[in-house]
Structures are given as C-alpha cells and as structure tokens.
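Using the sequences and the hints, build the whole thing.
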Amino acid sequence: MIAQVKPAGLLSGRLANFRLIPRLETYPKVVAFAQTAPGKVAILAAFALGQCYFLSDLFSALPLTLIFSLITFMPEYRRFILAIAPIIFLVLETYRDPALLGLNLAVIALGILLYCCAMRWPKSRFGQRPIAFLLSGFTALIFIACAATPRSLPHWILWTLVGLLASYLWFIAYALSDRNSMPARDLTIELTSFRPLWGSTNTPFPKGAAYLRRIEAQNPEQLAIVQLKGLKLLLWAILLAVFQLMWNRFFHGSLHIPTSAEALALSVQGRPVAWHLRWESLILAFFELILSISIMGHKLIAGCRMAGFNALRNTYAPLFSTTIAEFFNRFYYYFKELLVDFFFYPTFLRYWKGHKRMRMAFATFAAAFFGNGFYHFTRDWQIIRDLGFWKSLVNYQTLLIYNTALATGLSISQLRKRGPRLPGFFRGRLLPAFGVGMFYCLLSVFETSERMYPLVEHLRFLASLFFIHF
Amino acid sequence: MKGKTEIHDFVRELLTNSGDDEPLVDQDSLLISGRLQSIDAVEIVVFLEENFGIDFTRIGFDREQIDSIDLIYALTQTTAAGN
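Chains W and R supply the protein sequences, listed in that same order. Just so it is clear: in the first sequence, position 353 is 353 by our numbering, and no numbers are missing. Just so it is clear: in the second sequence, position 11 is 11 by our numbering, and no numbers are missing.
Treat the hints with caution; some may be incorrect.
Below 20 Å or equal to it, Euclidean Cα-Cα: the simulated EDC-like pairs (lysine to aspartate or glutamate) are [stated by the list, open to error]:
no., chain 1, residue 1, chain 2, residue 2
1, W, K356, R, E49
2, R, K4, R, E49
3, R, K4, R, E50
4, R, K4, R, D28
5, R, K4, R, E43
6, W, K232, W, E216
7, W, K123, R, E50
8, W, K29, W, E221
9, R, K4, R, D26
10, W, K391, W, E457
11, W, K40, W, E216
12, W, K40, W, E76
13, R, K4, R, E64
14, W, K353, R, E43
15, W, K353, R, D28
16, W, K40, W, E280
17, W, K353, R, D40
18, W, K232, W, E25
19, W, K353, R, D62
20, W, K356, R, E50
21, W, K123, R, D55
22, W, K356, R, D55
23, W, K391, W, D380
24, W, K356, R, D40
25, W, K353, R, D55
26, R, K4, R, D40
27, W, K232, W, E221
28, W, K353, R, E50
29, W, K356, R, D21
30, W, K391, W, E447
31, W, K40, W, E25
If you're looking for bench data, these hints aren't it; they were derived computationally from the structure.
This is how it looks when you write it as structure tokens:
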C-alpha cells in the first residue's frame, strides 16, 4: 500500500499517534463494513455530502456520485467508465457550441494519435523523443497563432486550439512518456488520464496512466481502504477550508493585516504600510498559499481515491521540511513530479555525466528555471494572445527572477551533502524549517501580483523589508 | 561487481537520511510509495552508473525499473547479461 512518510523525530509517544481524523482504513471492522452494500452506500453518500461544501448544492454532486457508484459496485468496468464518462460530460457541456466541441475532440484525437505513433514507431525520431516534439510543436503553434490577423476566423481557431492544447499538454506528455512502461497498451486508462473525472489543473493529478496502473485497487478490500482514505482526505479539505475562512476573518478582517498583494500595491503607490505589516503580510501569504494548495490538492486526490486509485497526497506536511528541495516536494508534489519527469531526468541522464555537481545543477535549472518557466508562460496563453509574444515575455520578467532564485535555492539544497539529520529538535528541525520558510517567504515577493508591476517594484518591496529604500 | 547486499545497504542509507527507519524488505516499493523522493532516484541512478556501468540513455529510464531492491538487482543482472 502507498503511504507517504511522516517526518520522523518531531513528535513522539501518544502525541505522534494522535489523529484529528481517525485512521479508519486501519480498523478491520470498518474496512469489512465498507465492502458490504450498505457500507458502500454509506461511503458514497458521505462523499457526496462532503462535496456539497465545495459545490453550490447536492444536485451538482450527483453526476460525479453516480459515476463513483458505478465504479464502486462494478469495479471490473472501472477503466471503461472512467475513459468514457469524461467524454460524455464534455459533450454535454459543449454540445451547444459545436465548434468548441469539435476542437476539444480534435485535441483528444491528436493526443491519442501521437500516443499511437510513439507506440507504433518507438525507434523513429519522434518515438525516441516524443516530449521534445510535443513541446516544440506546441511552441510553434503559439508562434503561428501570434502571426494570425486579430479578429479573423483563423485567429479564433488557432487561439482556441492553443488554449485547448495548453490544458491537455501535460496529460498528452504523460501518455507519450508512458510508452516505456509495460503494459502500456490499454487505451482506456490512457483516456482516463487524459481528462480525469475527478478534475485537475493544467498539472495532471495524479500523473499519467502508468502511475494509475500501479496504484489501482486490485480487490474489494483495497478498494474499501482507498475509498476510506479518499473520504478522509475530503474531510481534511473541508476542515482546512473552514480553518482558512477563520484565518482570513481573524488576520485580515479583525486585525486588518493587509494581504501581500495589498501591501505591494500600496508600496507601488508610494504609500507603504508599516515595516512590521509588510513582514506580517508576507508571512501570512506563505501560510495562505500552503492552505489553498492543500485544499485544492486534497479535493482532487480525494476524488481520485474514490475512483479506486491510491494516489499520494499533493501536499503533505510541508512545514516539516528541513531543506528547500524537501519543501518543493512536499508542497506541490504533482507539479514537482511534472518538472522532474519532463525536464530534470531527461537532462540529468543526458548531459554533464562526467561532472557530478554540474550535472545536478544543470538538471535542476532545466526543471526549476526552464521547465517551470515554460509551464507558466504557456499556461497563461491569453496574455501571449493579448500582448503578443515579445511583450508577454517582457511581462514575464518578475517570474524569471523568481525561477532563477528558486532554481538556485534548489540547486544549493541538492548539492549540499546529505547525511543524517542533526540531533535535537532546535538544531535538527526547527532551525532548518525556519530557514526554509524564510526562503520561500522572501521568494514570494516575486510571485505576488507578478504580472502587474515592473520588476523594480518587487525589488523595492523586498529591499524595504531590510530597511533599504531606493 | 557489487551485489544485492550493497544495493540494500545503499537504499537503507538513503532511507535513513530521509528520516525513515521503518523495516526494509527487498520487495518494498521505494519511489512510487513515496518512501524515497525523486532526488533519491537520482542517487540510485548515479550509484548504478558508477558501480554497475548502467547507461540509462541507452536502455531508457523509468522509475518503475528502480522501485524496489529486487527490481534494481534485476536491472543490474539484465544489463550485465546484455553486455
């Protein structure tokens, strides 16, 4: 069974075993009940009710609950149901706009075609490096769309295609990378991963079909356990969402501490808030980002687990991280995995093999600087459409600094000799965790309203935290 | 040429450095289970390159190949047979 490793040595004894939500999946009686028909109904009903917290009403939760019910009672059809259901939903959502529906289906067909080509001709130039071809082709499409006359039909078609392909890009990339994995010829699970029923961002949750195959529940007991874990994770998401609400009311409502975006905006306007408020807004923003990403990831992975896939959490105890690299791994696991799979490993395995440190640093920059930059630059394709390619690249300057600092921090973190942790809570845990938190807090200055102000405003805000004014 | 014991010791050290002192069985999933991180996979790759002469650019890389001590050992044997 898949289990993320809890940071050791921080807590001990009864406190370490305390759980806000009991580990239901470890209680034999609960697992046995979850395998019965009433138990399955109870889990499905509880999950549907839980989803209502994030949806407008119970009715909105019904389609997904219906699919989960089919999978729960007919697990042998899981892959088929998960492959077909999202396409049916897509047709229902877009049938009033045949052009959009057609383009959506065309992008899915393109993904399947590329996947089949990579499988059919593994020794061809495309088969050898399909991801490079895919990303280059997508970049070329953006350039072609930039050249189209604004407000013309080709302009509309090309940019709609760019938008659709941008949302499917990394799903197709995972399908193409799946060609090395055996058995990889099951198209139903490839389709499942193309457009996951449980939802996703542009980052595939949780990765591609190869990963889904490895974590799929194989018998009724495993399905019961993974669904209980899914239900627990949804409950976690709700608890965190409630906590987030209280947090915002207390810090921003009652104490009137500005958000980091507000603090930066006031600094740009020449009316900076007090020094301590600038720091407070930054520190709060750090925790708020962790909360938002946790809630989003927990909701998605909870759905994935309900479908019978025991995926790892997206965010797992990030505040226990003692290195910059560990935080990056614990904070947004599936985005980190995307960068590692498509940028870090290919670079690491190919270049600078004779220079260990250079090899690591180069691969880290390929992932955290280039890969991260490419992902966000193309994700925000509307900005490229509205500003044009070069202006949008200039508009991206603050994030380039962010990526450079992140890649440098990660490189140093990974190059430092790893060894057993220092003994003691203060030296071994608290001090390193504080340093990691401080690094990401300061880094977030370049992430706040990153497209709104010139780089110099972000630098000015950063310097003002240390009493340097220019 | 190193054997399974050396692979086991190496993986054990990686786990210990990650703060994982749980028992380690040769069939245990290491990467897919989340016990080891991607950076640890890199350490395993370098270990295999240096000690077993495995060239991943030639044979292709998939984390599933190195997900347990048994799989790592099997990979070293296959590659040795291929050479």
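Open item on the list: Does R/E50 sit within 20 Å of W/K123, going by the straight-line distance between their CA atoms?
Closed with: This hinted pair is violated, its Cα atoms lying about 27 Å apart.
- [ ] Take the C-alpha atoms of W/K353 and R/D62, compute the straight-line distance between them, and say whether it is at most 20 Å.
- [x] holds, 18 Å
Open item on the list: Just to be careful, I want the Cα atoms of W/K123 and R/D55 compared with a cutoff of 20 Å; is the pair within it?
Closed with: Holds: W/K123 and R/D55 sit about 18 Å apart, inside 20 Å.
Task: Satisfaction of hint between W/E25 and W/K232, Cα-Cα up to 20 Å - done: Answer holds: W/K232 to W/E25 is near 9 Å, not above 20 Å.
Task: Hint consistency between R/K4 and R/E43 [alpha-carbon to alpha-carbon, up to 20 Å] - done: The given pair, whose Cα atoms are some 16 Å apart, holds under the 20 Å limit.
TODO: Take the C-alpha atoms of W/K40 and W/E280, compute the straight-line distance between them, and say whether it is at most 20 Å.
DONE: violated, 46 Å
Open item on the list: Check whether the Cα positions of W/K40 and W/E25 lie no farther apart than 20 Å.
Closed with: It holds: about 14 Å lies between the C-alpha atoms, which stays within 20 Å.
- [ ] Starting from R/K4, check that the Cα of R/E50 is at most 20 Å away, please.
- [x] Holds - the C-alpha atoms of R/E50 and R/K4 are around 15 Å apart, at most 20 Å.
Open item on the list: Next pair to validate is W/K29 with W/E221; report whether the Cα-Cα distance is within 20 Å.
Closed with: Holds, because 12 Å separates the two Cα atoms, which is no more than 20 Å.
Open item on the list: Between the alpha carbons of W/K356 and R/D55, is the straight-line distance 20 Å or under?
Closed with: holds, 15 Å
- [ ] Verify the proposed pairing of W/K356 with R/E49, using a straight-line Cα cut of 20 Å.
- [x] holds, 12 Å
Task: 20 Å Cα cutoff - pair W/K391, W/D380 - done: holds, 13 Å
Consistency note: the structure conflicts with the earlier hints numbered 7, 15, 16 and 29.
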